[in-house]
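Asks: Sequence:
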Amino acid sequence: MAEYELQQFEVSRTESRGAVRRLLTEHAEYGGWELARLRRYPDGTRRVWLRRRIIKVMRTF
Numbered sequence: 040m041a042e043y044e045l046q047q048f049e050v051s052r053t054e055s056r057g058a059v060r061r062l063l064t065e066h067a068e069y070g071g072w073e074l075a076r077l078r079r080y081p082d083g084t085r086r087v088w089l090r091r092r093i094i095k096v097m098r099t100f
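Numbers in the working numbering are just positions in the sequence shown, counted from 1, shifted up by 39.
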């Protein structure tokens, strides 16, 4: 089963959709992250969970 590293952050309601999209795109392209969950609250803030797979190197003999 795959193991994932998680990163969580909160985006304020003052950030535009375009700015949030750019932020998530940069994380995906340069950090190898993928969107695991995005939750938008009634006050307009967004909580974002990103994940990336942990690749374990197996020792060879």
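Simulated from the structure, these hints should not be mistaken for laboratory data.
Any given hint could be a false lead.
[To be verified] The following label-pair restraints were derived from C-beta to C-beta distances: (1) Leu62 <-> Arg92: 14 to 22 Å; (2) Glu44 <-> Thr64: 16 to 24 Å; (3) Thr99 <-> Arg56: 43 to 51 Å; (4) Phe100 <-> Arg79: 44 to 52 Å; (5) Glu54 <-> Thr99: 32 to 40 Å; (6) Met97 <-> Val59: 33 to 41 Å; (7) Glu65 <-> Phe100: 37 to 45 Å; (8) Met97 <-> Glu44: 16 to 24 Å; (9) Trp88 <-> Thr53: 17 to 25 Å; (10) Val59 <-> Phe100: 46 to 54 Å; (11) Val96 <-> Ser55: 17 to 25 Å; (12) Glu42 <-> Tyr69: 16 to 24 Å.
Everything numeric in this text was worked out from a predicted model, so none of it was measured.
Backbone N, C-alpha and C fix where the C-beta goes; we use that ideal spot for every residue, glycine too.
Asks: Take the hints in turn and mark each one as holding or not.
Replies: Hints, one by one, checked against the model:
Between Leu62 and Arg92 the Cβ separation comes to about 21 Å, which falls inside the hinted range of 14 to 22 Å. Between Glu44 and Thr64 the beta carbons are some 19 Å apart, a value that agrees with the proposed interval 16 to 24 Å. At about 47 Å, the beta-carbon gap between Thr99 and Arg56 stays in the expected band of 43 to 51 Å. Take Phe100 and Arg79: their Cβ atoms lie about 51 Å apart, and the range 44 to 52 Å holds.
Checked against the hint of 32 to 40 Å, the C-beta distance between Glu54 and Thr99 comes to roughly 46 Å, which is inconsistent with it. In this structure, Met97 and Val59 meet the distance hint of 33 to 41 Å, their C-beta atoms being roughly 38 Å apart. Checking the proposed 37 to 45 Å range against Glu65 and Phe100 shows it holds: the Cβ atoms sit about 40 Å from each other. Between Met97 and Glu44 the C-beta distance comes to about 18 Å, which sits within the given range of 16 to 24 Å.
Between Trp88 and Thr53 the beta carbon distance is about 21 Å. The supplied range of 17 to 25 Å therefore holds. Separated by about 47 Å at the C-beta atoms, Val59 and Phe100 satisfy the suggested range of 46 to 54 Å. For the pair Val96 and Ser55, the supplied restraint of 17 to 25 Å is violated, since their beta-carbon distance comes to about 41 Å. Checking the proposed 16 to 24 Å range against Glu42 and Tyr69 shows it holds: the Cβ atoms sit about 21 Å from each other.
Of the hints listed earlier, those the structure fails to meet are numbers 5, 11, in rising order.
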